[in-house]
Structures are given as C-alpha cells and as structure tokens.
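Please arrange chain S on chain B, whose structure you already have, making use of the hints.
Protein chains: 2
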Amino acid sequence: MGSVDFVYPSMNDHQCAHRVAIPPPQPFFKSFKNSLKETFFPDDPLRQFKNKTPTRKFILGLQYFLPILEWAPRYSLQFLKADLIAGITIASLAIPQGISYAKLANLPPIIGLYSSFIPPLIYAMMGSSRDLAVGTIAVSSLLIASMLGEEVNATENPSLYLHLAFTATFFAGLLQASLGLLRLGFIVDFLSHATIVGYMAGAATIVCLQQLKGILGLDHFTNSTSIISVMRSVFTQTHEWRWESGVLGVVFLFFLLITKYFSKRRPKFFWISAMAPLASVIFGSLLVYLTHAEKHGVQVEGVAVGRSFAMFKHYHIDGNKEMVAIGTMNIVGSCFSCYLTTGPFSRSAVNFNAGCKTAMSNVIMAIAVMFTLLFLTPLFHYTPLVVLSAIIMAAMLGLIDYEAAIHLWKVDKFDFVVCMGAYIGVVFASVEVGLVIAVAISLLRLLLFVARPRTFVLGNIPNSTIYRNVDQYPNTNNVPGVLILEIDAPIYFANSSYLRERISRWIDEEEDKLKSTGETGLQYVILDMSAVGNIDTSGTSMLEEVKKTTDRRGLKLVLANPGAEVMKKLNKSKFLENIGEDWIYLTVGEAVEACNHKLHTCKPDSTKEETQPLNNV
Amino acid sequence: MGSVDFVYPSMNDHQCAHRVAIPPPQPFFKSFKNSLKETFFPDDPLRQFKNKTPTRKFILGLQYFLPILEWAPRYSLQFLKADLIAGITIASLAIPQGISYAKLANLPPIIGLYSSFIPPLIYAMMGSSRDLAVGTIAVSSLLIASMLGEEVNATENPSLYLHLAFTATFFAGLLQASLGLLRLGFIVDFLSHATIVGYMAGAATIVCLQQLKGILGLDHFTNSTSIISVMRSVFTQTHEWRWESGVLGVVFLFFLLITKYFSKRRPKFFWISAMAPLASVIFGSLLVYLTHAEKHGVQVEGVAVGRSFAMFKHYHIDGNKEMVAIGTMNIVGSCFSCYLTTGPFSRSAVNFNAGCKTAMSNVIMAIAVMFTLLFLTPLFHYTPLVVLSAIIMAAMLGLIDYEAAIHLWKVDKFDFVVCMGAYIGVVFASVEVGLVIAVAISLLRLLLFVARPRTFVLGNIPNSTIYRNVDQYPNTNNVPGVLILEIDAPIYFANSSYLRERISRWIDEEEDKLKSTGETGLQYVILDMSAVGNIDTSGTSMLEEVKKTTDRRGLKLVLANPGAEVMKKLNKSKFLENIGEDWIYLTVGEAVEACNHKLHTCKPDSTKEETQPLNNV
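In the order they appear, the protein sequences are chains B and S.
Just so you know, full-length UniProt numbering puts 555 at position 555 of the first sequence, and the rest follows in order with no gaps.
Just so you know, full-length UniProt numbering puts 512 at position 512 of the second sequence, and the rest follows in order with no gaps.
Bound conformation, chain B alone (with noise of 0.2 Å):
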C-alpha cells in the first residue's frame, strides 16, 4: 500500500454528495407482521391464491393439501408406462432393503413389507414430489432399535416393542405434520450439510459394524452401537464366528458393490444395482435351500423386505408442505401396522433414474409390495440372514461420502470440524451425541461470527472512486489524515465491546504507524457501514462511545453507507443528531472527498473548529 502516489480521485463539482435516506417510518404492527411474514412463510405460499374466485381459491387449496388432484386428470397412458418401469424397479429394491432394515429396528420382517406398501399409497395422493420414492430408512431403524432398545427387549416382549415401535412411528409423524403446518420447517435448516455429511457417515458405519454379527453368524451381540462395545462383541467371540457364513456374506457383498460401480459408471444399466438386492436375495435363498446350509453354519430368516435416508435433502425441497405429507403417511401407517417411513434418497435416485414421471410410481410401487406380501412370503422362507447383511453393508457404505468430507476440509475448516464432530459423536458415543455435537459446534460458529466479526481497513482502488479491503486488493492507495475501516457484521451486544476494543486499536495502530513514518496526522475516522445489516441499542451505545472516543483525541467520526434498518434505529437513538447529518455520506468516495475537501481548505487542530461552517467550501 503506498500513500506517496496518492492521487486524489477526481470527483466534478456538480456531482456534490447524495443524501443518506432514513427509510420512512412504518407503523409498529406493520412490520412486525413483514418480520413474521418473512420468518415463517418465506415462500409466500398463499402466493398463487392471489387474485382468484372463491371456487378458484378452493379448488387450489385442496389441490395444494392434495397435489395428486392437480395430475391425476392430465395422466396419460404414456406416464403410465414410465411408471410402471419405475415402481417395479423400486419395488425390487423396496423389499430386500424393507426385510433388511425392519431386521436392523429388531422388527419382524413382514413390517418392513407393510411400511413399503400402505405409507406411498398416502404419500402419492398428498406429496409434492414426484422422484421420491417412499420407505424405511437404515438410520431411522437404527434410532428406533437403540431408544426402544433401552426400554424393552425386543426378543423377550416382542408385542410389547411392536406397538412401542407403532406408537414412536406415530408421535414422528405428528411431530413432523405439526412442524409443518406450524411452518417450523426451518429449524431442519440448522442441519447443516457438514453436520448431516458427518452424522450419515457415521450412521453408515455403526450400521455396517452391527451387520457384522449377520456376515460373521454370531448368535450373541451387543445392543450399544459405539464402536468400541461393537468391536469388544465381535473380537471376544472369534470362537463363534462361522467361516461358511463369512464367505458368502463377503461374496454377497463384493457382488453388489461391483453391482453399484458398474451402474453408477454407466447410468443407462441403472437396473442392475436396482435388481442386485432381490437377486441376492432369490439366489441365496436357492442356495440355502438346495444346499440346506441352514445347517452348516448360515442363519435363516423367515420373511422379510426396507430402505436409504436424505430426508434432509428431501425436506429442503419441498419444505413445509412436504413435511406434512410425510407426517400424515407416517400417522396413518402406524395404525396398518407401518414403522418410520420417509423418502430415502437412494432409491428416489433409482426412481428418477427409471424415468418416473408422477408419484404414481409409488402406486405401483405399493401394488407390487402388495403382491410379494400375497403370493410370494413362502420364497423368502429360506432367505439367508448373511445377504440381508449384505444388502444393509453395501447400501450403507454408499452413505460414507468421503469425498464430500475431503472437498469439506479443502473449501471450509469449520465445516470440516463439524463434520468429524457428528462422526467421531456417532462412531464413538450414540447418535444423538453425534448430532448434538455437531449442531452445538455449528451454532457456536455462527456465534462466533457475530461476537467477532472483522474489521478491514480499506484503501483506494487506483484510478477509481472506489474503496476495498487492503488485504484482499493490495495495490490499493491509502488516503493521508484518513482511516477507512468496514465492519463485517450486525452491530449487536454480542460484539459491540469487541468493536469498540477492536476499533480504538485501528486507530492506534494508525497513528503510530504515522508517528513512525512522519506522515500526516489523522484526521478522520469513516466506518463504511455496507455490510452491517442491523444494530440493536447496545451497538448505538457502542457508535457513541466510539464517537467521544476520537472526539477526545480530535478526530472526526464519518459513517458511509448505512442502510436502512442502520438510519432507523441511529434516528430513534438520537445517535444521527449527535454525529450531525453532514457526517453521513452514501458512499465512501463521497466521504473521502469530503475529507479531503475540508482537510486542504481549514487544518483542524480541534474538532471545533471543524463544526464551524467552511466559507471556502
């Protein structure tokens, strides 16, 4: 930064300063009901209703609570044909994952099949999307088997935990239909992508570690999910373990992962990652049964069927609204005998990969869940427990995104530490630790960037009338006898002592730097306002304590650039009378300017003297 070819920036005389607008004043209620407005319907869903007859007005609404109302008339055979595609490629998919994760709930198997068939029959009617494909999820059957786990055990009272399971799966769904119509949909929002990449692949891994116990044929495993307790389980009984078992869980698996990166290299053969699970499961139970390896060594289940996860994801795209559908099916599904379901994002890949169009698909979907229930229960009599691990292993490990955490760590550190936070939390703890850890991490960041925002000093662009951040731009000028500083954040008390603090040490810092050089004294001070969206009263406090300040070391206080809610609340405080209106400019061109128009025309040895009109001006 050098000062010695500082050129003034060159502004006409008939360009004289603009005034700073206070923004006119609104009446109390008026814009509280904007602030709720903004804060709860930020989408303005009454939007479409503008404008529209009484009849008009009903039939949008119900087609709003029931969007199936809105394509079911304009459905045409050539959707239908799509699909059916894409239900019974679902569907394949639906009942060895629906098996496969009641198993992980401590559920029976047939649950699974129910959660697949009656919950995407309500969602059809009511949901807004069209991809999702409705199901259990691996890390909500995780969370149920470990809370309900604690309570009753699910092999000695298995009535008893089935209708707990029933009256959680219940108590979910009101939870979510009633943060839905309640618009609270925005505390998912505080979910961060970090925190949900951490807390999946977390999930993923202590369901993978409990699939253990199916691969290696234990009979006797731990009920914690930590890591630790997992391990000591598996490596205490190394006498247990059933070699026969190990071998066609671990060929299972590298089947369907070779499955997975095949289809996901070439999309077009998306069908055969889709089909992988159901044929593991047919092949196995011929095996078992051709083979009777029931007895050598591999577990047999007698029925079975599950699911994926991003809800989140899911949640962020349908909002509010969708939270209600998925509320509701999860309500009405709880009294047909349905445990959590919601629209995991794996398969709703699949869906839209098959070339879905409606939520028919789920339709279908249902039908074909519906016929395995009926027809064909007796085939998965001889189904091996070892492929359901391996099912739950391969789509888990898709979960472990570590590519995602590597782009985390390049691109931000924080997120990064959240991330490793909800991990280690889940791995380590339980998986309400994880999320916890990580949502308080996430809260103390956003904490942290208003209790320590930062200030910048800035210069002048050369050639230009512009100002920015030294640091960023460093060919830039700075401006003698002035000090240019911008603040990064809302004024609030959570950091107006800082500012103060931080402040005066600018100032400091300046004037010795000056001391040491020889140069200019300082003359004023200009707090470029921009990117401070808001101020409470312990920030106008702030402002004026800061005014004293470099009144009492005859320095002029300048402000560019506040903003709206900025002029209102440094009106009501008095604070605009105090530092006088001539001292506010619109940018900070405008402020240097005048600066340096009063700095050459009268040296000011008081601040006094600078109050007085200027005749040369």
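Careful: at least some of the hints might be erroneous.
Same chains, same label: a pair holds when it works inside one copy or across any pair of copies.
Stated by the list, open to error - With a Cα cut of at most 20 Å, we get these calculated SDA-like pairs of lysine to any residue:
#1 Lys37 to Asp189
#2 Lys357 to Ile68
#3 Lys268 to Glu577
#4 Lys413 to Pro462
Worth flagging that the hints you see were computed from the coordinates, not collected in a lab.
The following block gives chain S in isolation, referenced to the frame of chain B:
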C-alpha cells in the same frame, strides 16, 4: 421507482471494469493462529511489550499485573488530598450499605464491614480502574441468600451457613480469575445492555419487596423471592404490621430519596446523598437509644454495614485483566471472612464525583472502615433495622431504570422484549430464570438474524453509478432486464435454504411484474455480495443451485463485490470456474454496465450464446 425515464449511467471506455481479487493464499496454521488471536486477544494485550529490552519487558509485565507499581512512584501529596476526600466519602456510603447488604445475604453485619476492608486493599494493588470503589452489592447478596438458603437455614445453622458463604465467594473468585486468565471475558458480552437493564430492575424490585419485612417490622417472612409469595407473606399477616416501624421507615426512605434527587440535580453537592445513609444510621441509632423505641415495635440490629451493582458494566470497561483482579480479591477475601465483592456502579460514581485520583481512595476507604470496626462498632448497637431497609430500598429504587426501558421500546422493540423477559423472569420466578430467559431471547435474535437475512432489490440512484436499496431510496430507477439483489448477512447453513427460496421468489415476482407491464424480459440477476461477510459449504452449494436455476430459466447470474473470505471459498469450491470470472464484478455499477453492453450488443435467447466471445465489445 420509474423505469421509463432510465438513463444508462455512463462509464468511459477507458474505465474498464476492475477485477475482483482472490486474496493471496495463507497457510492454514497462520490463518488459524490469526483467528484465535482475534477471538481471545482482540485488545492485543502484548502490544506494549513489542521491541523492548528484557528488563523493560519484565517491569512492564509486573506493572501489567500490579498497576500499583505504575502509579505509586508518581504519587503526590495533591493526589492524596483528593483521594482522602473520595475515600472518606465512599467509606460513609460503604459502612451503612455494607451492614444492610450483609443482612440481605443473611450474614452477620460485621461480615459486610470486613468485606469493605480486605478486598479494596487487594484491588488497590491489582486493579487498573482508578474510579472503581470495591464492595459488596445487593444483587449478589440476594443471590447468596437464595442459593445457600435452599441448602442451609441461616438462623438454625449460622456457622455452616457462614462457611458456605466463604466457600461460594472463593469459587466465584476462582471462576472470575480463570475466565480472565483464559481470556474468556467475552462470554460476559452475551449479556446485552437490555438484559442488564431488565435484570437489574427485576432484582431491585424483589430486593425492595424483601425490605417490606424490615419496614413493616415483620418477624416471619417467606424465603422465596418471587413477587407472588412475598405479597402473600405480607398480606396474610396484616395483624403483625408495626405502625411505628412503618412510619419511621417511610420517613427515612423519603429523606434518602430527597437527598439523592437533590444531589442528582446539583452534582456539586454529591456528598449530601453520599453522607445521607450514614447520617440516617447515626440519627436512627440515637433515636432508638433515646426513646427506647426497641420496646415499641422497632426492631434493632447488633452491628451493621453494604453496596449496589453494574459489575457487568465494569467488566466491559476493564476486560479480562480486571476479572483477574476482582477474582483474586474474592479468593483472598474469602480467607479473611469476606463475602462476594465487586465494583458497584453507584459507589464508583460517587468515588468519581468525589474526585478520586488513583485506586488509593480504596485504601483510604479500607482504613476508614477499619477504624469503624475498631472503635465505632458499639455505636451501631442501637441501629434500627428499619433504617437499613430504607437504605437498601433507596439504593435499589435507583437501579430501576425505567427511562432506559422506554428508550429500548422506542429504538428497538426486540431489545425491549429481552429486557421485559429478564424483568418478569426475575420478579415472578427467580434471578436465575430471568437471566436464562433474557439470554435465550437474545441468542434467538442472533440466530434469527442469520437464519432470516434480509434481501433487498437495488435500484440506480439518479445521475450516478451508485445502486441502493429501493425501499430506503424510493427515487431510484430500476435497470430494464436486470434484477439486482443485495444479501445482508453471511451465507451459512442456517440461511442457505431460505436464501435459495427467497432469491427464486424475487425472480418470480420480477418476471410476473415485467409480464404484466409488458416491459423487457429479465435477462440478468446480479447478486450484490458486499454485505456477505462469510460463506460456508452449504452457502457455496446454494449459489451453485441458484446458478443452475437461473441457467434453466435462461437468465445470467452475476456477482458483485464478493469479499476476501467469500472469494477464497468460491475459488476453492470451484464455483468461480463454474460461473466464470467474467461474471464477477467489483461494483454493482460495473456489473450493470457490463450487462447493458451485452444486452444491447446481442439479445441472448439462451445462455449459451452469451458465453461466446462478443465481437462488438
């Protein structure tokens, strides 16, 4: 906002657009160290040690922790004279208040005197404020009484109660000193001015209500501080009220308030209100001694002494170092039969008005208190309780800052809600509940600010290249075919979904408006990033999605003035490559200029055409 008479802001050809710089990369550990330093050492306490010899550094270090070493060598007789007057003045306030507040804490009055003797001596050595007068305060006295009262009954087990009070003082001191040493003083910043106003008024209200016991001469009284139980306690025993005590109480209260009002109007006579409490004690004691009023319903205290508040205010001024001094003072004090002390605001103000020069005034006060302890204790034998109650009430009424509450209502409604939350919580529940309510509302506000940032449409200020919020500057012109949006907060996980929805709603609304008026269709969306202080990975994903949406709609996304942090993150997340560096401008003016050039050179039908080189430019 008229768009018909829009004149394109002229920019000369040689003034080509400036490039937005990506700040030079910094090694991770250096930037990490810088952030840590800014968070914990914003005042840069080691700055004065730079470029000094080791001996000098050692002396400066000693002076830093023991400021007495700095001022003692230059102490003059003139200073002593000033400090003597100030010291005696604050002692005359400290003695009666010390006795009164000790009673509030259910401690023997002599403990109140001890607490005005040892801690001031320690503060005189370690403290850096020359105005602070050390002593006990009403609010912490009340807190001690309510906290310890839950565990031990002070009348049944006075010895245990006393020891618990010293232990509490020791640990409070340890906490204060460690917060200071660990540079965590900024935690106190989260108590906003509004919180303190409400909290103090609430505490003052309940302390006043407690004094109804002394004023009315009641023997039995509730231990609870809530207004409901106090009122019940007062009005269920109307037959126990002593009219002699009541009359005396009202007379003394009236006298104290009158002197206070007088001194406030004429600051020169500050000593009148400072001396009034001591005069009341002496006069009251004489009155009891002469009239034997103790036999007519006026309760009498054995020995007596107390204080006021605003410790938070003083932390603000003195920071972490001051916390170490106050903490040490309490740690040492607790070993010498002192209970919790700090620097009460009201007495510090008296000290300041009395013209104190150094912390020596505290030493003088300590000596005066010592004399009182040694020789004047018998005089207090006849001090009537009702005088002490009147002294406490008079001090407390000064803490109810209703003018500040009115100011909060006028300037910032949200701060008023915080203030009332604290007040109602303290008065109707307890001091802890009030504090928790106020801090929770304040934090909620911070979170809401980040979760629901404001977005504005910008317009051109006539005859300039300046673009500002159209709500604040209603005479701005909009630019045909260009929508300019300003985002007013950092883009974080907590607001990225909201911003995505809000931006697409702005685009919808703008297109609807243009369609209805038949103007030029929308071609460009400029996001003004000036006020976006930071961005996280959820934020960069959000921008990518906005880019996709605008591309799909055939619009071009343009960024204006992203700051250093934002440019760094956008660069690392490859968004810069995605959007193309040609679409990032240093100012909104330059972005609009570039858009207009392209708009008039070729009418883009799809976004693809635009990215091709333009021959005419």
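Could you figure out if Lys268 and Glu577 sit no more than 20 Å apart (CA to CA) within one copy, between two copies, both or neither?
neither (70 Å within a copy, 29 Å between copies)
Tell me, please, which holds for Lys413 and Pro462 at an alpha-carbon limit of 20 Å: within, between, both or neither?
neither (34 Å within a copy, 44 Å between copies)
Copy assignment of Lys357 with Ile68, given that the CA separation must stay at most 20 Å:
Answer is within; shortest intra-copy Cα gap is 13 Å, inter-copy 81 Å.
Intra/inter-copy verdict for Lys37 and Asp189 if alpha-carbon distance must be at most 20 Å:
within (17 Å within a copy, 30 Å between copies)
Going through the hint list in order, the structure does not satisfy hints 3, 4.
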